[in-house]
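Okay, here's what each chain looks like letter by letter:
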Amino acid sequence: MDPHDKSIRWIKPPELGLLERSYLPLFLDGITTTLRHLFSRKKTVQFPDEPHQIPDPLLYRGVHRLNRDEQGRVKCVACFLCATACPAHCIDIVAAESPWPDREKYPESFTIDELRCIFCGMCEEACPVDAIELTSLYDLSGKSREEMIFDKEKLLSVYDQTIDKEPMRSRRQTAQPAGARSTLPTDRRDGLPTDNDPS
Amino acid sequence: MLAQTIEALVKIGLVLGGVMTASAYLVLVERWIAAWVQDRLGPNRVGIPLTNIRLWGLGQPIADGVKLMLKGEAVPKHVDKPLYYLAPAVVFLGAILVFAVIPFGSVLPRGIFPESWQLHEPIELVIAPQLDVGMIYVLAVGGIAVYGVVLGGWGSNNKYSFFGAIRSAAQLISYEIPLGLGILGVVLATGSLRLDAIIAQQADSGWWNIVQQPLGFLVFTVAAFAEATRLPFDLPEAEQELVGGYHTEYSGIKLMLLLVSEFLHMIAAAFLMVVLFLGGWHIWGLTDGIDSPGGELVTWPVAVLRVVIMLAKVLAVILFFMIARWSWPRFRFDQLMQIAWRVMIPWGLANLGVVAIMIEYGDRIGAATGIDWRIWMALIGFATLIIVWAATVIADPSRTDNRPRRDLPVPSFLADEAN
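Going down the list, the protein sequences come from chains X and B.
In this text, residue positions in the first sequence follow this note's numbering: the first is 4, and each later residue adds one.
In this text, residue positions in the second sequence follow this note's numbering: the first is 475, and each later residue adds one.
In case anyone wonders, no lab produced these hints; they're calculated from the structure.
Quantities reported herein were computed from a predicted structural model and do not represent experimental measurements.
Beta carbons: idealized from backbone N, C-alpha and C, even for Gly.
Hints may be right or wrong, so weigh each one.
[Said to hold, decoys possible] For lysine-lysine, the following DSBU-like pairs were computed, each having C-alpha atoms within a straight-line distance of at most 30 angstroms:
#1 X:K168 - X:K157
#2 X:K146 - B:K555
#3 B:K541 - X:K45
#4 X:K155 - X:K108
#5 B:K555 - B:K633
#6 B:K541 - B:K555
#7 B:K633 - B:K551
#8 B:K541 - X:K146
#9 B:K633 - B:K545
#10 X:K46 - B:K541
#11 B:K545 - B:K555
#12 X:K168 - X:K155
[To be verified] Stretch by stretch, here's where chain X covers chain B in the computed footprint (C-beta under 8 angstroms, at least three residues):
#13 529-535
#14 794-802
Please work from the sequences and hints to get the whole structure.
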């Protein structure tokens, strides 16, 4: 390295005062910080003995669930937006023609590989009908890889398990009839003016 | 003769067992303190095996030891086998041999054994009593540890190990000098190299050397931290720079020997600080030393109390070692060397000079002023500390300028490149 290079900007280290050079303030600062922390309240949660407190269960991103509508049917319309959005490619949907009049398609099978999932919450963001949501269940475990691939029934059962404590974060409370609106609503911002709003 | 041999063997067993157990449990204490300082709880799960009794994690050292012993030993192909195998043994030997002369109490009262055993003399609580070169022995054996570290670093044939070893060699040899200067002041004041005599002198006069020679205490403490390679002087194994330093390539029981040796160094340093400067087993009014070292008047309660006081002081010093670890950042290597050669050695010499003057003229100053000369010595000692410290702050000898010299002409090979 050429020290005369014009592109190098030389910075002078700050001058130390007499007090700083004596090492005493640093000495006292160090020992007081150490002693303060030594006797302070500890932050450790002894997990299996004490429950882990999640600050806001509605914001936490844990195991997925598939929401049901009022009639107990799966809310999903098999639009594949979540599977497309998923960066880990862990969602696998097989769509079939809907047996119900209010939508065209429904998921014949809906599986999430919880081992591949990175719990980013993109599926939840992408879902136009708020069918998939992340719950606050964090202690997910299984004895085999197969056990960790959650199918539709398992995901619906997670809904049944958690709905009492965690209400649906629905932006749309009811699934509307197919004729009333398009199957894939475009007004994702729910009343907020969108960027390409013509008005 | 047989009785003496048995006595020595019993003491060796006691010290060896005690020190090894202590270092195992000090690892636990160290981990606790590390955790508490970082607002964690630390190891608190391992208790009695096969039960759910946790005992605040007191089973942890046993688990750690068993794990390290049963662990597979990986010996890399590229190591220099003889040196690699020799190093942990040398380090451990150097660390454990020091305890031969370190007293862990004063004496046990006479009359434990019948007269015919020739053992009715009071038993001194040190493995090698009456060793007149005690202090020199400590320095000599402590010096062996450097060889082990250098052997380990060189034999590992790994660049991080080697960096650790050369740093260690430079650091340990440099800090031997302030360590020796700190000890020399005490030896001069005592007039003996025997550790029990050093304690007895402090106990008899009632003036601990930390009060008599505060500057010497400071120099010795800094040097002891460096010799034990504890933070802020742990450059031989600075994890952030050197992986593990000289023990990077070690595993299993060899690694355990190296790690235990480090704790033994720390325990030995704490013992020396207590013996040399903190009055050993002496506490004013509780265990006064008028009766020492003959031990005629030592009764059982006093003998036991002295051991307890001594060990409590040592534990306090070790706790300070551990708390210091989390308080101050590590020195850079040039700073480390400058502290040794430009600060600590002049301070040690200043302390030695003041102590020598006070030993020679103290009586006369005391007689002329009518005040105990030890009060004068303490006052002058603290005054020297302040003066020397202030002088160091003003002169700032450890200041470094690591910037390249821009006033020099550009060397030709660089100038070509630049143009």
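Against the structure, the hints:
1. Between X:K168 and X:K157 the CA atoms are separated by roughly 18 angstroms; this keeps the pair inside 30 angstroms, and the hint holds.
2. Distance hint between X:K146 and B:K555 is unfulfilled; the C-alpha atoms sit about 44 angstroms from each other, more than 30 angstroms.
3. With a CA separation close to 28 angstroms, the supplied pair B:K541 and X:K45 stays within the 30 angstroms bound.
4. Note on X:K155 and X:K108: the hinted pairing holds, with a Cα-Cα distance of about 15 angstroms set against a maximum of 30 angstroms.
5. Restraint check for B:K555 and B:K633: the C-alpha separation of about 17 angstroms stays at or below 30 angstroms, so the hint holds.
6. For the proposed pair B:K541 and B:K555, the alpha carbon gap of about 24 angstroms is at most 30 angstroms, so the pair holds.
7. Between the alpha carbons of B:K633 and B:K551 the distance comes to roughly 15 angstroms, so the proposed pair stays at or under 30 angstroms and holds.
8. Distance restraint check for B:K541 and X:K146: the Cα-Cα separation of roughly 27 angstroms lies within the 30 angstroms cut-off, and the hinted pair is therefore satisfied.
9. Using a Cα cut-off of 30 angstroms, the hinted pair B:K633 and B:K545 holds, with the two alpha carbons roughly 25 angstroms apart.
10. Pair hint X:K46 plus B:K541 holds up; C-alpha atoms about 28 angstroms apart against a cutoff of 30 angstroms.
11. Our distance criterion of 30 angstroms between C-alpha atoms is met by B:K545 and B:K555, whose separation comes to about 20 angstroms.
12. Under the criterion of a C-alpha separation no larger than 30 angstroms, the hint pairing X:K168 with X:K155 is consistent with the structure, at around 21 angstroms.
13. Remark: the segment 529-535 of chain B is not confirmed as covered by chain X, as 0 of its residues place a Cβ nearer than 8 angstroms to a Cβ of that chain, below the required three.
14. Residues of the segment 794-802 of chain B with a Cβ under 8 angstroms from some Cβ of chain X number 5, which satisfies the need for three, so the listed coverage holds.
The structure shown violates the earlier hints numbered 2 and 13.
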